[in-house]
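There are 2 protein chains.
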Amino acid sequence: FRGMKRGRLRIAVNSTAKYFAPLALGKFSKQYPEIELGLKISNRETILRRIDQNLDDLYILGQIPTTHVDLEVIPFAPNPLVIIANKQHKLVGKRITLARLAQEPFIMREEGSGIRSTIEKLFSKHQLTINERLSLETNEAIKHCVAGDLGVACVSGHALDVDSSDSHIAKLEVDGFPIQKQWNIVYPSGKTLSVLAREFLQFLQEHGETFISLNMQNTLSKTA
Amino acid sequence: FRGMKRGRLRIAVNSTAKYFAPLALGKFSKQYPEIELGLKISNRETILRRIDQNLDDLYILGQIPTTHVDLEVIPFAPNPLVIIANKQHKLVGKRITLARLAQEPFIMREEGSGIRSTIEKLFSKHQLTINERLSLETNEAIKHCVAGDLGVACVSGHALDVDSSDSHIAKLEVDGFPIQKQWNIVYPSGKTLSVLAREFLQFLQEHGETFISLNMQNTLSKTA
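Chains as they are written, first to last, in our numbering: chain X, 1 to 224; chain Y, 1 to 224.
Hints listed in this document are in silico derivations from the structure and should not be mistaken for laboratory results. Any given hint could turn out to be false.
Pairs count within a copy or across copies, as identical chains cannot be separated in the list.
To be verified - Derived pair list, reagent style EDC-like, types lysine to aspartate or glutamate, alpha-carbon separation capped at 16 Å:
(1) Lys30 - Asp52
(2) Lys30 - Asp149
(3) Lys87 - Glu45
(4) Lys87 - Glu173
(5) Lys181 - Glu111
(6) Lys94 - Glu104
(7) Lys191 - Asp56
Input sequences plus hints: build the corresponding full structure.
Here is the structure:
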């Protein structure tokens, strides 16, 4: 393990994973203060490109693409997708259908986002059209727009712990939601992981859900 | 003003402005519920490119580039840059020099960010080298890494109201900080603004600082 002390660990994670991945990485790096860390936080499309180019040791992704067959995929925690609106929104507290939701202006993530493609598939499966008002590249921007009452949106439950503007946000009860996704650790099949990468993989499998749970507790207490 | 009811308003703002711009836009759009909104939230480099391509009606920027001479620049609110660290960090509560700060691992914004270039200039002016540990594309990612105790960072005071992870974050007292910047409304000189754009410009001049102040109050109460 001697080499590990000065090793390099390069992680790339889906943008929503920023709510727990840096905490996990911070905790892990305390054990090995001299390792060189790389952390890339990007949308799904960018992460998939990084996988193709073999730029990092490990990846954290929500949805696994069917186009990338040669991936090792290790699920390690749940990732529920929820619909949010301004707390004063007329639909708060009511159980509604997807068709009713479709009438509301929707604040979407950008092209290439996993959440965007999930919503697009769901609406299209029900022959519904998304009433897209804005398209934004981060969950925070989306939440600030929901707090500003510019529309409804779909975000990971993990994104909800964060803002003080979250006090202006409520979950909507929509048929079919929350959509249950999961968090996965991913790397190309056959890739030999460094000792450090294997250690971090194991650390995430054992403790990853704890870091997420810390967030989720905040979420539940704020939106209950 | 009849045409205004169904007009289009395209705004592009610096990523840190997302903490108040959507709230302002949401409030403004309540007066004109049928206007079509465009909101782009990007880093400084992307905003400057959008200005060159004349893609939006108005822009909100922190620092004004000296390379773009033909801009109308209307300052409307202060934007202080501060240094943050994990609340348990050994430097919390001490008055330190920039040279002392330079010894700490620094979590930087990406190339093209205004805050990054400010820090680079400041360190270089004092013949100091930045001990860059990570480079990340959003203030949230940076704050989560500071909360994870991966290093210190420089962010806009306006970015500090937001996370529940902010409860793990403290401001450091560093000589020369906070750096006093300001928020500006910007558009190309000689551009004819639409009625709607002029209305929003006036709205921001009158009320923009209020939306920012709401955030700053949270900041002060949390980090005092």
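A quick look at each hint next to the structure:
1. Lys30 - Asp52: neither (30 Å within a copy, 45 Å between copies)
2. Lys30 - Asp149: between (41 Å within a copy, 9 Å between copies)
3. Lys87 - Glu45: For Lys87 and Glu45, neither the intra-copy (32 Å) nor the inter-copy (35 Å) Cα distance is at most 16 Å.
4. Lys87 - Glu173: For Lys87 and Glu173, only the intra-copy Cα distance (13 Å) is at most 16 Å; the inter-copy one is 37 Å.
5. Lys181 - Glu111: Neither: 19 Å inside a copy, 33 Å across copies.
6. Lys94 - Glu104: Within one copy only: 14 Å inside, 51 Å across.
7. Lys191 - Asp56: within (11 Å within a copy, 46 Å between copies)
The structure shown violates the earlier hints numbered 1, 3 and 5.
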